Amino acid sequence: MNAFVFPGQGAQFVGMGKDLYEKHPIAKQYFEKANEILGFRITDIMFEGTDEELKQTKVTQPAMFLHSVVSAFCLGDAFKPDMVAGHSLGELSALTAAGCLSFEDGLRLVSKRALAMQKACEQNPGGMAAVIALPDEKIEEICAAVSEETGVVVPANYNCPGQLVISGAKDAIDAACAKLKEAGAKRALVLPVGGAFHSPLMLPAQEELEEAINQTEFKTPVCPVYQNVDALPHTDPEEIKANLIKQLTASVLWTKEVANMVADGATEFVECGPGKTLQGLIAKICKGNEAVSARGVNE
Numbered sequence: 001m002n003a004f005v006f007p008g009q010g011a012q013f014v015g016m017g018k019d020l021y022e023k024h025p026i027a028k029q030y031f032e033k034a035n036e037i038l039g040f041r042i043t044d045i046m047f048e049g050t051d052e053e054l055k056q057t058k059v060t061q062p063a064m065f066l067h068s069v070v071s072a073f074c075l076g077d078a079f080k081p082d083m084v085a086g087h088s089l090g091e092l093s094a095l096t097a098a099g100c101l102s103f104e105d106g107l108r109l110v111s112k113r114a115l116a117m118q119k120a121c122e123q124n125p126g127g128m129a130a131v132i133a134l135p136d137e138k139i140e141e142i143c144a145a146v147s148e149e150t151g152v153v154v155p156a157n158y159n160c161p162g163q164l165v166i167s168g169a170k171d172a173i174d175a176a177c178a179k180l181k182e183a184g185a186k187r188a189l190v191l192p193v194g195g196a197f198h199s200p201l202m203l204p205a206q207e208e209l210e211e212a213i214n215q216t217e218f219k220t221p222v223c224p225v226y227q228n229v230d231a232l233p234h235t236d237p238e239e240i241k242a243n244l245i246k247q248l249t250a251s252v253l254w255t256k257e258v259a260n261m262v263a264d265g266a267t268e269f270v271e272c273g274p275g276k277t278l279q280g281l282i283a284k285i286c287k288g289n290e291a292v293s294a295r296g297v298n299e
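Residue numbers (our numbering): 1 to 299.
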């Protein structure tokens, strides 16, 4: 069974999507439609802008969505998913590729999500850190203790065995990193991100996005969509909406998500979007399982 997966923020690079735009008429149509919807030429920044321009929140998230969804659309008849999933922002790409959202509505929600998250970052400054080679349970225990003593810090992204990202207030992140290293973490590295994503500090963004989601039409997808908040497959539009609203403040259960897809029959994972981040994570999650393969359809 084929599982198509869609990456989140972080894999963007200048030049992304240019080959698609030049080689596929359908890609050019969608890219130009995105320029119109967003009210600025995102393609100019994606193709020939600077790293700093591409790192702007209002640009990064729509750019990732655009590249990922159009990559899937360009596959034509080869895009026959038995299941889909996306990491964080990538969940909106997955929902759009699977027909749950129209391209226009998906892009508008991504744009609103990006702006709402930026606003929340300014209201509630925070950060994130990657923790390597420490059991999840120990990280959860330390986060809970630091949250009581210093400030909010929670597990945010369960990426693969031995790799978990925490998120929260800056002082709490620093305190947690110190304790995690003492506990034996190989690394506890503060990440260069602008806020505490997938933590309670994103509540203002969640409330803002909830209104936009409730005003958007969600259809039954062509296949089950495995969602970040519970790692389970969903096809009911109302369940999908509820989970998507929770996602901004909840942990991304990517390790369980991939494991559940494999348990449900996935044998090949195809990553649609820039980079190979998800292919690398899937290889670690499915280590030793020769029946599972991961590849990309990137440029």
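Source of the hints: derived by calculation from the structure; they are not laboratory data. Since the model is a prediction, treat every value here as computed from it, not as a measurement. Honestly, I wouldn't trust all of these hints.
Here are the computed distance ranges between Cβ atoms for each label pair [unchecked claim]:
| id | residue 1 | residue 2 | range |
| --- | --- | --- | --- |
| 1 | K284 | E149 | 40 to 48 Å |
| 2 | P237 | E149 | 13 to 21 Å |
| 3 | E148 | K246 | 18 to 26 Å |
| 4 | T50 | D174 | 26 to 34 Å |
| 5 | A212 | G99 | 32 to 40 Å |
| 6 | L75 | E238 | 53 to 61 Å |
| 7 | G99 | E32 | 19 to 27 Å |
| 8 | D77 | K181 | 27 to 35 Å |
| 9 | K28 | A78 | 16 to 24 Å |
Just so you know, even glycine gets a beta-carbon here, dropped at the ideal spot from N, CA and C.
The hints, checked one at a time:
1. Range check, K284 to E149: about 32 Å between beta-carbon atoms, so the 40 to 48 Å window is missed.
2. Between P237 and E149, the C-beta spacing of about 42 Å breaks the proposed range 13 to 21 Å.
3. Checking the proposed 18 to 26 Å range against E148 and K246 shows it holds: the Cβ atoms sit about 23 Å from each other.
4. Roughly 30 Å separates the CB atoms of T50 and D174, a value that falls within the hinted 26 to 34 Å.
5. At roughly 19 Å, the beta-carbon separation of A212 and G99 lies outside the given 32 to 40 Å, and the hint is violated.
6. For L75 and E238, the hinted distance range of 53 to 61 Å is not satisfied, since their beta carbons lie about 29 Å from each other.
7. Taking the beta carbon of each, G99 and E32 are about 21 Å apart, inside 19 to 27 Å as hinted.
8. Taking the beta carbon of each, D77 and K181 are about 51 Å apart, not inside 27 to 35 Å as hinted.
9. Between K28 and A78 the Cβ separation comes to about 19 Å, which falls inside the hinted range of 16 to 24 Å.
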